[in-house]
Amino acid sequence: TGVATMKFKSPPVNSLSLDFLTEFCISLEKLENNRACRGVIFTSAVPKIFSSGLDITEMCGKSTEHYAEFWRAVQEMWLQLYGSNMVTVAAVNGSSPAGGCLLALSCDYRIMVENPKFSIGLNEAQLGIVAPFWFKDTFVNVVGHRVAERSLQLGSLHAAPEALRFGLVDELVAEEKLQEKAAAVMAQWLALPDHARQLTKSMMRKAVLDRLVAHREEDIQNFISFVSKESIQKSLRMYMEMLKKKK
Amino acid sequence: TGVATMKFKSPPVNSLSLDFLTEFCISLEKLENNRACRGVIFTSAVPKIFSSGLDITEMCGKSTEHYAEFWRAVQEMWLQLYGSNMVTVAAVNGSSPAGGCLLALSCDYRIMVENPKFSIGLNEAQLGIVAPFWFKDTFVNVVGHRVAERSLQLGSLHAAPEALRFGLVDELVAEEKLQEKAAAVMAQWLALPDHARQLTKSMMRKAVLDRLVAHREEDIQNFISFVSKESIQKSLRMYMEMLKKKK
Amino acid sequence: TGVATMKFKSPPVNSLSLDFLTEFCISLEKLENNRACRGVIFTSAVPKIFSSGLDITEMCGKSTEHYAEFWRAVQEMWLQLYGSNMVTVAAVNGSSPAGGCLLALSCDYRIMVENPKFSIGLNEAQLGIVAPFWFKDTFVNVVGHRVAERSLQLGSLHAAPEALRFGLVDELVAEEKLQEKAAAVMAQWLALPDHARQLTKSMMRKAVLDRLVAHREEDIQNFISFVSKESIQKSLRMYMEMLKKKK
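Chains as they are written, first to last, in the working numbering: chain W, 1 to 247; chain P, 1 to 247; chain Y, 1 to 247.
Careful: at least some of the hints might be erroneous.
[As the list claims (entries may be wrong)] Partial pick of chain W residues on the chain Y-facing surface, computed with a CB cut under 10 Å:
| # | residue |
| --- | --- |
| 1 | P12 |
| 2 | A125 |
| 3 | Q126 |
| 4 | A131 |
| 5 | P132 |
| 6 | F133 |
| 7 | H145 |
| 8 | A148 |
| 9 | E149 |
| 10 | L152 |
| 11 | Q153 |
| 12 | R216 |
| 13 | I220 |
| 14 | S231 |
| 15 | S235 |
| 16 | L236 |
Simulated from the structure, these hints should not be mistaken for laboratory data. Ideal placement from N, C-alpha and C gives every residue a C-beta, glycine not left out.
Input sequences plus hints: build the corresponding full structure.
Structure representation (structure tokens):
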């Protein structure tokens, strides 16, 4: 049918580790270069979690070189996904904070399971960190400036019904209907001639993609100097401790 | 009363042919330069159709010079209408795809007949073509980035109730109330002092207008090279055949 | 608690006179530099009016030097407030036209008393004047381009329920609940780590703030030459006469 499904299976919470990101980019690039593949559905094989976002262990107590390599991989994931020529549908079957939310926001369409226990949002501010400008640009393109400003400042995680109301996701469905719905949406998008759809998508996203491309090295340096601060290291360690205790 | 009504009467479907566009621009410029005229209502004299958009016969099997002349006329229509100092109200009494939708989007206010059989949208992608960047800019200014991105990629034609929900039109009325409503809206806008209203309008639209002015020749060259492709010519011919059979 | 309340008490209508603006800026700067202060609630001590906006007497029959000084103070108020590192909540307990609306729009969050007799909006066009580009930028960031375009051209004052629907304010409450609600909202925003919240706020607002900083002198010259026109002086005098008769 020309549609691939990429199922995230990195327990316990599908963190975006360097390994995950590298594998994600290789897989996506293969699909991108496979002319038989016209669309990808992203979903999770881990119950209750779509993706928990960037892997904090990659940002804690590592070398400058490691931070640079990690951040470049995060950028690459976004550049490939937001700029993909394929139709991309996020079938969000669990919570999706921070980088997990970015992943969903970078798709063409977002369907979320209507479970109010599942939430989605760019909650970086809650952790004492700041979403990078291209997370913000992607968010503003989806929900508009006002919703983005408030949500980013509060580091809000929006329960599924609120996520729909604010436009973070396009629709909610019962969990058992999710894959069927994702396939139906994909079929609708694939009914369009590829070339015109791709050029249109590129026209809508180019300004924001170009902005990261132009500032990529600077953005890496910013990340390194930010994450290397002792205050940030401390709050990330505290956050990890909290996560461990939660288990 | 200082209000003109421009009624499109170019059967069967008010296509934006070179002749239509030329006459439109001459008429609009006359009104613009007539200090007694402060507002224009645009509506259709053809049943069920506001305007079917750009005339495809102008893009098929013609010379490079013809394509250039045609595209310059399309640009001119938009530059004059989107930049008009007058209050412009679209009384959309029929379907309004592609260029017809652009015409409505370029006005200050859009009232549509509440008939769900009438639809409006920038459906270029359905035809295998891409809406120019200034169609896109105008659309984004009306409905926001997210709605525009989805609608343009899908080449959606929105039935009147959906068009209202997505903000493509400002209100729906019964067909028999349309002219009365348009006149009432016009009166409300004309209650403002012209000079302040005009400067405000210009402040809101200048960035987008300037962008086409700065890239006008490039945009014409893009259109020519796009429309001259054999694949595009073929799909336009197929589309025209389909339209003929429909009749 | 780290929260200050700034109560406007400049009867009869809390006009933004040069004195009011100067005192506002000095007070805000003191709070900004007081590390114990993390948030400010703005509200009015005058019944039924939050702030009536720029004081027209400062724009009528004064010297060029006076106009320059006044306009610089208006700019300064906005630069400080829109760019504040503190959490800023507007508790809008009365009508808030023009500059009063700008003041509310520049905060992080707006709560309005649900009295439909109270209205808010950038109604400059009604007075025959044009909102400056940075009023417009602030407005667009809150309500989006389409709502801003229509509202600015019509110089609309939106009654509280409509203001909520269009996104000019974030919520409505009964007058007796206003201060309690403002405190609760403030507590929610202050639950975030300051540094991350401040950097996020700055990321969202910097482009628009920078634009005025870059064009500040030009904007002052524009104001002077606009307000010095005899036609504008006349319409401002007429407006002041009307206000006096109303009393």
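Hint-by-hint comparison with the structure:
| no. | hint | result |
| --- | --- | --- |
| 1 | P12 | violated, 26 Å |
| 2 | A125 | holds, 4 Å |
| 3 | Q126 | holds, 7 Å |
| 4 | A131 | holds, 7 Å |
| 5 | P132 | holds, 9 Å |
| 6 | F133 | holds, 6 Å |
| 7 | H145 | holds, 5 Å |
| 8 | A148 | holds, 7 Å |
| 9 | E149 | holds, 4 Å |
| 10 | L152 | holds, 5 Å |
| 11 | Q153 | holds, 5 Å |
| 12 | R216 | violated, 17 Å |
| 13 | I220 | violated, 17 Å |
| 14 | S231 | holds, 8 Å |
| 15 | S235 | holds, 8 Å |
| 16 | L236 | violated, 12 Å |
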